[in-house]
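Q: Keeping their order, the protein sequence lines are chains A and B. As numbered in our numbering, the first sequence has no gaps in its residue numbers, which increase by one up to the final residue, 200. As numbered in our numbering, the second sequence has no gaps in its residue numbers, which increase by one up to the final residue, 357.
Check the hints yourself; a few may be wrong.
[To be verified] Calculated pairs, DSS-like style, for lysine-lysine (alpha carbon to alpha carbon, straight line, at most 27 angstroms): (1) K176(B) with K43(A); (2) K180(B) with K86(B); (3) K146(B) with K62(A); (4) K235(B) with K299(B); (5) K146(B) with K43(A).
[Claimed, not checked] Among the chain A residues that face chain B by a calculated CB cut under 8 angstroms, a handful are: (6) N31; (7) Y32; (8) T33; (9) E37; (10) I45; (11) E48; (12) Q52; (13) N61; (14) M65; (15) L66; (16) V79.
[As the list claims (entries may be wrong)] Some residues of chain B that are not near chain A, with every Cβ distance over 10 angstroms (derived): (17) P60; (18) E153; (19) A325; (20) H333; (21) Q353; (22) L357.
Note that these hints are calculated values from the structure, not bench results. Each residue gets a CB set at the ideal place from its N, CA and C atoms; glycine is no exception.
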Amino acid sequence: MHTNYTTDEEIEEMRKAIRLEMKRQSDSGLRAKNKLRMLIKTAGQILFFLIVILLSYSVVSAGLARSRGEVPDILGFNLFVVESGSMEPTFNIGAVIICRRPGNPEKLKVNDIVTFKNLSGDIVTHRIVEVVRDDAGNTAYRTKGDNPRNSVDPELLTPDRVISVFVAKIPLT
Amino acid sequence: MKSFMIRYDQSAQFENVVLMENVSSCEYFLFDDNEKRPVLEGIDLLVRKGEAWGITGRSSYEIKLLLEIMANIRPYEKGRCVLIERGMLRLKRLILKHVFYICTSEMLYNNMNVLEFLVFAMKKLSRNTVELQHQLFEFIIDIGLGYLSLTLNKVLTKEERAVVTLIAAAYSDSAMIVFNFPDYDFNDVLVDAISKIALFAREKGKSLILGTKNSRLIEKACSHTAVIADGKIIFKGDVREFCVKYDNIAVVIRDKNLEYLQDMLLPLLAGHKLTIKDGSLLISTEDSGPDSPAYIFSKISEAGIFPEYMHINPKTVSNALEEIFARYDLQKQLL
Numbered sequence: 028m029h030t031n032y033t034t035d036e037e038i039e040e041m042r043k044a045i046r047l048e049m050k051r052q053s054d055s056g057l058r059a060k061n062k063l064r065m066l067i068k069t070a071g072q073i074l075f076f077l078i079v080i081l082l083s084y085s086v087v088s089a090g091l092a093r094s095r096g097e098v099p100d101i102l103g104f105n106l107f108v109v110e111s112g113s114m115e116p117t118f119n120i121g122a123v124i125i126c127r128r129p130g131n132p133e134k135l136k137v138n139d140i141v142t143f144k145n146l147s148g149d150i151v152t153h154r155i156v157e158v159v160r161d162d163a164g165n166t167a168y169r170t171k172g173d174n175p176r177n178s179v180d181p182e183l184l185t186p187d188r189v190i191s192v193f194v195a196k197i198p199l200t
Numbered sequence: 023m024k025s026f027m028i029r030y031d032q033s034a035q036f037e038n039v040v041l042m043e044n045v046s047s048c049e050y051f052l053f054d055d056n057e058k059r060p061v062l063e064g065i066d067l068l069v070r071k072g073e074a075w076g077i078t079g080r081s082s083y084e085i086k087l088l089l090e091i092m093a094n095i096r097p098y099e100k101g102r103c104v105l106i107e108r109g110m111l112r113l114k115r116l117i118l119k120h121v122f123y124i125c126t127s128e129m130l131y132n133n134m135n136v137l138e139f140l141v142f143a144m145k146k147l148s149r150n151t152v153e154l155q156h157q158l159f160e161f162i163i164d165i166g167l168g169y170l171s172l173t174l175n176k177v178l179t180k181e182e183r184a185v186v187t188l189i190a191a192a193y194s195d196s197a198m199i200v201f202n203f204p205d206y207d208f209n210d211v212l213v214d215a216i217s218k219i220a221l222f223a224r225e226k227g228k229s230l231i232l233g234t235k236n237s238r239l240i241e242k243a244c245s246h247t248a249v250i251a252d253g254k255i256i257f258k259g260d261v262r263e264f265c266v267k268y269d270n271i272a273v274v275i276r277d278k279n280l281e282y283l284q285d286m287l288l289p290l291l292a293g294h295k296l297t298i299k300d301g302s303l304l305i306s307t308e309d310s311g312p313d314s315p316a317y318i319f320s321k322i323s324e325a326g327i328f329p330e331y332m333h334i335n336p337k338t339v340s341n342a343l344e345e346i347f348a349r350y351d352l353q354k355q356l357l
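Using the sequences and the hints given, assemble the complete structure.
A: Below is the structure:
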């Protein structure tokens with residue numbers, strides 16, 4: 028046999044070294060770490076697929092909502108782009124805001140920012156400045172844009188016209 | 023053999039790994055009288071999942087070319103060739119993911135030893151490198167190549183390097199391994215190792231196609247064989263069936279005086295052929311003669327002849343190949 032070939036002693040030494048390394052791994056919990064890594068990886072993959080499914084669903088549902096003349100909605104949340112300066116400095120023109128469907132449109136409070144349809148059919152986002160109740164117990168809201176140049180809106184907002192309530196503004200928009 | 027925990031692609035539900043129907047090569051042999059014939063012509067072959075085929079013949083070029091067509095390396099002129107039930111790409115020389123093609127022993131890194139190379143090559147299939155290293159190391163020892171395990175790749179012979187690459191192929195996720203070395207001279211240790219690797223690969227559902235002229239390799243490592251002569255397949259099927267069909271030697275006798283024994287036995291064993299080869303007297307059964315070794319033994323003992331050594335021929339691929347080629351040549355002369 029060629030002198031450079033592996034000897035039995037070298038094989039035995041290598042075997043010992045591998046066993047030692049395996050023992051060290053199992054002692055130091057590397058196996059557990061590997062399992063955790065595997066778990067995280069699997070969870071990541073599941074999350075990725077969920078996001079893909081969600082995005083696909085959003086695109087389809089947004090298309091359908093638009094075709095019906097409704098506001099697109101993803102799992103109860105809406106995205107709006109601010110098109111006027113009536114809410115400056117809270118929202119600048121072009122800002123993207125996330126809103127959600129209100130649980131009970133009759134129970135909104137002063138300072139809530141709401142998106143609603145005005146009587147002309149335009150979609151407006153303004154702040155509630157007063158909750159008005161009549162003798163029969165019906166609720167309505169007086170709204171106003173945050174821009175100091177704005178006066179309160181001339182018409183009262185009835186709960187049935189409330190589309191959603193402001194949740195967050197997407198940064199840098 | 024130890025159990026292995028590496029991930030394999032077992033999801034693929036297919037049965038036929040290679041299906042060749044009436045395939046003829048684009049390459050031709052040109053003869054003196056300007057006559058030409060395709061190097062391979064009318065090849066029909068079906069390799070199923072988990073089978074190991076030994077493709078053999080007298081011409082290394084024919085064997086090599088057939089395996090190259092199977093591995094999508096070369097185009098073919100006529101016929102149909104389907105790999106893993108997916109069809110073949112028009113774009114040739116493209117390495118297909120499901121085919122592990124080995125045709126050179128230069129696939130190893132010279133700066134690594136055998137174990138390092140195999141761990142490096144297989145790392146993506148296992149999350150735990152130490153576990154992988156352990157499995158590969160024990161596997162190399164199990165197949166009788168422990169003496170190569172920590173040896174630098176650069177000092178290995180080309181045959182040893184080819185076998186190391188075959189280990190990597192057996193561990194890979196490719197469903198089909200093509201091992202194209204008809205001219206390599208594998209020694210007994212390497213033949214044993216290849217047979218164990220073949221068994222391991224077949225257990226994992228892989229198919230192995232060996233291009234070889236080594237009859238012992240076919241005998242030990244293959245479940246099936248195909249014999250090519252003049253560009254055509256003259257036999258294809260089970261290796262045992264091939265040996266039984268073509269190896270007609272019934273009894274082998276060894277003695278100091280073989281010529282004398284031959285003269286004595288010739289009149290006693292009508293319907294048998296007696297030939298002296300490599301220091302042995304071979305008693306073959308002709309088509310019409312009784313083929314039982316018991317009959318031959320009884321005739322010899324009845325005559326009061328007691329050779330020094332006598333045994334039943336275990337039926338070998340080597341003898342069968344010799345016979346099939348002899349019959350083929352005879353048939354050609356008669357035509």
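Q: The structure should be examined with respect to each hint, and the outcome stated for every one.
A: Hint check results:
1. Restraint check for K176(B) and K43(A): the C-alpha separation of about 25 angstroms stays at or below 27 angstroms, so the hint holds.
2. Taking the CA atoms of K180(B) and K86(B), the gap is about 17 angstroms. The hint holds against a cut of 27 angstroms.
3. Note on K146(B) and K62(A): the hinted pairing holds, with a Cα-Cα distance of about 17 angstroms set against a maximum of 27 angstroms.
4. Taking the CA atoms of K235(B) and K299(B), the gap is about 20 angstroms. The hint holds against a cut of 27 angstroms.
5. In summary, the hint linking K146(B) to K43(A) is supported, as the alpha carbons are separated by about 25 angstroms, within the 27 angstroms threshold.
6. The beta carbon of N31(A) comes within 5 angstroms of a beta carbon in chain B, closer than 8 angstroms, and the hint placing it at the interface holds.
7. Interface restraint check for Y32(A): the shortest CB-CB distance to chain B comes to about 5 angstroms, inside 8 angstroms, so the restraint holds.
8. Of the supplied interface hints, the one on T33(A) holds, with its beta-carbon coming within about 4 angstroms of a beta-carbon of chain B, less than 8 angstroms.
9. About 5 angstroms separates the beta-carbon of E37(A) from the nearest beta-carbon of chain B, less than 8 angstroms, and the hint is met.
10. Interface hint status for I45(A): upheld, as the beta-carbon distance to the closest one in chain B is roughly 5 angstroms, under 8 angstroms.
11. Restraint check, E48(A) versus chain B: the minimum CB separation of about 5 angstroms is within 8 angstroms; hint holds.
12. The beta carbon of Q52(A) comes within 6 angstroms of a beta carbon in chain B, closer than 8 angstroms, and the hint placing it at the interface holds.
13. The criterion of a C-beta within 8 angstroms of any C-beta in chain B is met by N61(A), whose closest approach is roughly 6 angstroms, and the hint holds.
14. Residue-level restraint check for M65(A) holds (minimum Cβ-Cβ distance to chain B is 7 angstroms; threshold 8 angstroms).
15. For L66(A), the interface hint is violated, since its Cβ never comes within 8 angstroms of a Cβ in chain B; the closest pair sits about 12 angstroms apart.
16. For V79(A), the interface hint is violated, since its Cβ never comes within 8 angstroms of a Cβ in chain B; the closest pair sits about 21 angstroms apart.
17. Listed as a non-interface residue, P60(B) keeps its Cβ farther than 10 angstroms from every Cβ of chain A; the least gap is roughly 43 angstroms.
18. Annotated as non-interface, E153(B) brings its C-beta within 10 angstroms of a C-beta of chain A; the closest such distance is 7 angstroms.
19. The claim that A325(B) is not at the interface with chain A holds, since no C-beta of that chain comes within 10 angstroms of its own (minimum 48 angstroms).
20. Listed as a non-interface residue, H333(B) keeps its Cβ farther than 10 angstroms from every Cβ of chain A; the least gap is roughly 31 angstroms.
21. Every C-beta of chain A lies more than 10 angstroms from that of Q353(B), the closest at about 46 angstroms, which supports listing it as non-interface.
22. The claim that L357(B) lies off the interface holds: its Cβ sits roughly 51 angstroms from the closest Cβ of chain A, which is beyond the 10 angstroms cut-off.
In terms of the numbered hints stated before, the structure departs from hints 15, 16 and 18, listed from lowest to highest.
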